[in-house]
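2 protein chains.
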Amino acid sequence: MDFVTILGLTAGTLTTIAFFPQLLKVWQSKSARDISLTWLITFSSGILLWLFYGISVNGLPIILSNSITLALTLVILYFKFKFG
Amino acid sequence: MDFVTILGLTAGTLTTIAFFPQLLKVWQSKSARDISLTWLITFSSGILLWLFYGISVNGLPIILSNSITLALTLVILYFKFKFG
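So the protein lines, in turn, are chains A and B. Counting from 39, one number per residue, gives the positions in the first sequence under the numbering used here. Counting from 39, one number per residue, gives the positions in the second sequence under the numbering used here.
This is chain A alone, in the form it adopts within the complex:
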């Protein structure tokens, strides 16, 4: 695997795993007040399109990272509606 591919995979891993502590924080504090609903909806919509893009170009790392990110942002969105 070449350096650029490793760079891309590392980037994708970081921008994906980043959402675990955010999800945990909202779940523990039972508050998502400072998280913008517009951010959540726009960002999740963009991630869904990245997922379709990944499927279109048959890019497994894009499909994997965006599936996980989308799942995590949708749970945060659920908490946003639940906790406010």
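Accuracy of the hints is not assured; some may be wrong.
Said to hold, decoys possible - Result set (DSSO-like, lysine-lysine): computed pairs, CA atoms no more than 27 angstroms apart in a straight line:
id: 1; chain 1: B; residue 1: 120; chain 2: B; residue 2: 68
id: 2; chain 1: A; residue 1: 68; chain 2: B; residue 2: 68
id: 3; chain 1: B; residue 1: 120; chain 2: A; residue 2: 68
id: 4; chain 1: A; residue 1: 120; chain 2: B; residue 2: 68
id: 5; chain 1: A; residue 1: 68; chain 2: A; residue 2: 120
Simulated from the structure, these hints should not be mistaken for lab results. Fair warning: this is a prediction, and the values are worked out from it, not measured in the lab.
With chain A's structure known, arrange chain B on it following the hints.
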């Protein structure tokens, strides 16, 4: 421009512009309490690597969208330290 490229550009635009309302919210409320510092640092680091990746593959849309996203998340990070 083919459909897949338009799909990718739309996805990149959405995941980038999403950060404007989040930045505005934190700035207006003077609070970033519910935003995870670990998320901010991990996500920004990942975006920085995506930027290096974009430069490596000479991908202008990747460079553009990640430059703007990085600038926005760094301002949110500044507000996180400033407002808590």
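Distance restraint between residue 120 (chain B) and residue 68 (chain A), which requires alpha-carbon spacing of 27 angstroms or less | holds, 23 angstroms
Mind checking the alpha carbons of residue 68 (chain A) and residue 68 (chain B) for me, to see if they're no more than 27 angstroms apart?
-> Holds, at roughly 20 angstroms.
Mind checking the alpha carbons of residue 68 (chain A) and residue 120 (chain A) for me, to see if they're no more than 27 angstroms apart?
-> Within the cut-off at roughly 9 angstroms; holds.
CA of residue 120 (chain A) to CA of residue 68 (chain B), is that 27 angstroms or under?
-> holds, 23 angstroms
Distance restraint between residue 120 (chain B) and residue 68 (chain B), which requires alpha-carbon spacing of 27 angstroms or less | Holds, at about 9 angstroms.
Of the numbered hints stated above, none is contradicted by the structure.
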